[in-house]
Amino acid sequence: MKQEFRIAESKVEKEPILHFSFNGKTYAGHKGDTLASALLANGVKMVGRSFKYHRPRGIFSCGSEEPNALVTLKTGQDVEPNTRATVIELYDGLEAHSQNHMGSLKYDLLAFNDILSPFLSAGFYYKTFMWPAAFWEKLYEPIIRRAAGLGALSGKEDPETYDKGFLHCDLLVIGSGSSGLMSALTAGRAGASVILADEDFLLGGRLHMEQMEIDGSSSSAWADKAIAELSSMPNVRIMPRTTIYGSYDHGIFGALERKTDHLKSSDGKPRQVLWRVYSKRSVLAAGATERSIAFGNNDRPGIMMAGAVRAYANRFGVGTGKDIAVFTNNDDGWHTARDLAAKGVNVKAIIDSRSHVNITAPEGVQTHLGTNVINTKGRHALSSITLSNGETLDVDCLAVSGGWSSNVHLTCHQRGKPQWNEQIASFVPGGELPVGMSVAGAANGSMTLASALQTGRDTTIEVLKDLGIKAIKKALPKVEDEASETSVFFHVESGKNRAWIDLQNDVTAKDVKQSHLEGYRSVEHLKRYTTLGMATDQGKTSNMLGLAVMADASGKTIPQTGTTMFRPPYTPVPIGALAGRSRGKEFRPTRKTPSHKWAKANGAEFVEAGNWLRAQWYTKPGESHWRESTDREALATRKSVGICDVTTLGKIDVQGKDAAEFLNKVYANAFGKLGVGKVRYGLMLREDGIVMDDGTAARMSDTHFVVTTTTANAVNVYRHMEFCRQCLWPQMDVSLISTTEQWAQFAVAGPNARKLLQKIVDKEHDISNDAFPFMACGEISVCGGTPARLFRISFSGELAYEIAVPTRYGNSMMSILIKAGEKFDAVPYGTEALGVMRIEKGHAAGNELCGTTTAQDLGLGRMVSKKKDSIGNTLSEREYLTRKDGLNLVGFKPVDESKSLQAGAHFITKESEPTMANDEGWMTSVCYSPNLGYSIGLGFINNGSNRIGETVTAADPLRGNTLDVEIVSAHFIDPEGERLRA
Amino acid sequence: MPNSSFKLEASSPLAGFSQDFGTVLVEELTNKALVSIAEPLGMKTKLQAEVKKHLGASWPEIGTTTNSPKAYHLLGLQTDMIFAFFDHPGGLADAAIKLMLKDNAYCTDQSDAWVIIKVSGEGIYAALERICPVNLSRDAFAVGTVQRTSMEHLGVIILKHAEDSFVLMGATSSAEDLLHAVTVSIKNTN
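In the order they appear, the protein sequences are chains Z and F. Sequential numbering of the first sequence, starting at 0, is according to numbering that gives the first Met the number 0. Sequential numbering of the second sequence, starting at 0, is according to numbering that gives the first Met the number 0.
Calculated pairs, DSS-like style, for lysine-lysine (alpha carbon to alpha carbon, straight line, at most 27 Å): (1) Z:672 x F:101; (2) F:117 x Z:596; (3) F:6 x Z:822; (4) Z:263 x Z:1; (5) Z:105 x Z:1; (6) Z:596 x F:31.
Facing chain F, from chain Z, some residues (calculated, C-beta under 7 Å): (7) 162; (8) 654; (9) 786; (10) 808.
Hints are computed from structural coordinates only; laboratory data are not their basis. All of these numbers come straight from a predicted model, not from anything done at the bench. Quick reminder that beta carbons are idealized off the backbone N, C-alpha and C, glycines included.
Chain Z with its partners taken away, still in its complex shape:
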């Protein structure tokens, strides 16, 4: 486990030694290593296979821009594919595997794809595999997917947990390199609340990757000192391992913090936290990304970005080869040669595409000016390079620098358009930046250390001024500007050799040219046709090359060609992190009724009604099917008495001198003259005349009504009424407040309902039929003084009441009602029995109030009072809605009573074809009526109320349950309403 490429002192800690495995083989590394640096230290060059051609690929960069070194971490359920080895923080016991190969990494059977490459150029799958068409889904696509792909998911639930959070700050500094640190220091010293976020686990950015001096010490030491100062400031929050992945409206940013990815176990804590950062201002100090040069066979393991080669040497103490050459078009490549030589690494040559340079090479390093690399060799790793002057050099690492591109991504997330800067050969932020954002340092084109520090400070002083915070202007640290001349040079004509543009997607210069030849003129089309710039790296190292080659092919300039649109996320964000805690039972909150505990203890099966959990039925010993329970509950209620928790129905207290007039306007029927102590059924229409909701309004006093809504529409109705109050009729004296949760409400239904209630209602309240008739209401007390509200209303059609007590007594109330009803064999009933009884009675519910039906359809047309105006009143009179042969809600029973009806069946006249043209309506609700002994239903059918007795067909071809049904009255039970008035 000798790390033969470990070369010098660096930021990694020598002790303790960490052990990790790659493809089952154990290696050693150190704290502070990434998986990539540790693999390179151990001489592992080939780490994966390319996407399409399965070419050997090695580590290319040292950051989140990595296109090649994608590995699968962990095993089994914990497996995580497509992670970039360059950003994986090494820990003891880390397990990683290469991906996208059949057989071993070295001898990948799918490498024959490379031989077929002439047939697999860009867009090949649009042109081939066209015949026979049926083969595409069954044969071609599975084969292509198997051969071309990334890593594989486990297919099991992610065992990790994730969290979310919200942060606020005066200034968000994105990136902790030289400009970012300078910005954070300036703002922190001024007392602003600052968040400094960086995707790396080591703050300081390239300051740790260079051998530069600041204030007489190394840039790395200066960074450490700056971090220490920032850490001592209570107003500064430092967030390493945190990627600001998206810029959103109003200075809001998305941030992904990797909390435990660098640990072997999360130990029960969330692995990652997805933050929403609310910033008053932001300074983007995201630096720049080095780009490559396209030349023949430029994809072999050992061919790397020059800045990365330098970073591995300086930060990680790793030599990326024994004999290294540098191929560059700018001065920065020369810095790599300089730093490597200083570390004792053998630099064989510097090859510069420029004919003249103002920089000198380290002693003993050959230089080839005006020369390019045109080809490379090496089966599994680089062994030699061929130069345009005909010379061949035996090297095991080639450091390539095609210049640096400003990281403008976050400036573009709200459609900002970057602008081309010829001087640095890079796009820089342009157009309108996201609200509150400023850009500093290399991200804004300030490519030298001195300018980065200065813009970091000066930009922040401006920001602070804007925020009204006085900055403490300190002198800038002393640095000398490094040589930074560059040239616009991206592509070496390489004849038959493929010159790779996008290593991650196996896109070559030829593919880009072919795309242009085939008519794809827009850069966005180029991206879609070739897949250039897609996947985990989003083309960070390749987009510029692709644009340059396309510009060349089309005879345009780079700025004329433009860029593709950068969109969030900047780097991949796991779906688990986006979901946060919203998984399984925690996807949405659960609302429990006041009697939930009692119901659970008494055999209730629950059903979700919106967010509510309601008792659906109560299983008694010996009952094995829900129908047994439901039938028993419905029969017992109609025979004697049943109790149901109906708290979920919306309750709104309406108070004010204009409360009655207000209800007159929001309900279609009249409420102005409703007496105190009376309840009225109310129908609420939308503006368009369609029924919105139904419910009751009980007048508790002259100025106080209690309105009920359906469970489903509780929030909608409240919102609607508030809109009416605040916006339509602000001159009315009305106050609204929801009391849905304040009162636990129970339906007590059945011939013995009154007798049961008389056992608990305090004696001073007379609830006899004379004193408290049907549709009466009042404030009463129960069980020795507990305040309650009583409403004599009936959904079941029986003698029934709804009694409400403060919610704290709800669970106890259910128990007491059952106990008080023992003499009458009182039963609790759930939503199934409730549904059965309302269908038997012909009452409309959610299935009928479905957002498309009118009062006339429901048989309630006469409720829409024409003596007053109300919402929806006028539009309900539209010709089509009032047509004489329109839909009517009626009842249905099967002609053969042994058959079961099904909701959703559509009505057609007998012997007709089940087509849309013959459709006459549909079945809305069905149930088995235990009281009638057969299946019954409610539904809408054209002119239904004039067709009672007619037989039609309920067509249900999808479920194969088409049957003849008879149109009957919707009131199956007690059509005269004698029971409820008893």
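Put chain F on the given structure of chain Z with help from the hints.
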């Protein structure tokens, strides 16, 4: 005549939950009342005077609270309505307020509609920033500040009633979910 054959027993949404998580103490407050006091149209001045006179506190601006020597905390939540938050052992809490304010206000008992959870301790900021979108930093959310917000899809009123101590009010029906959201946050950040 009272019907005392049966006795109703009150139960709070979280059965008086209380747990010390080290840096955060979580307690359900069960002896508190909440009553909404709404302003009749055109009676703002009169109502504010009556509130001051009877409850001993001035009408709070939105987002702020006022306190009275009579231990009423008035929470400013919207333009024409405030909440009175006070100790009350049970029964209809609005009755006493109605008695004082008479026809000058529309009062509604909300005590049973809300679960009231007190969270306190130095770790509470780290825990709440996982679920609360509001900036709770000491500078931005001083003692006496109140805000309506949402946490994990639950509507919540958050009140800072003392340093490092907040009162969270959420719907009774989803009290267990609010408690779960809070305790998970504490565990995640402890």
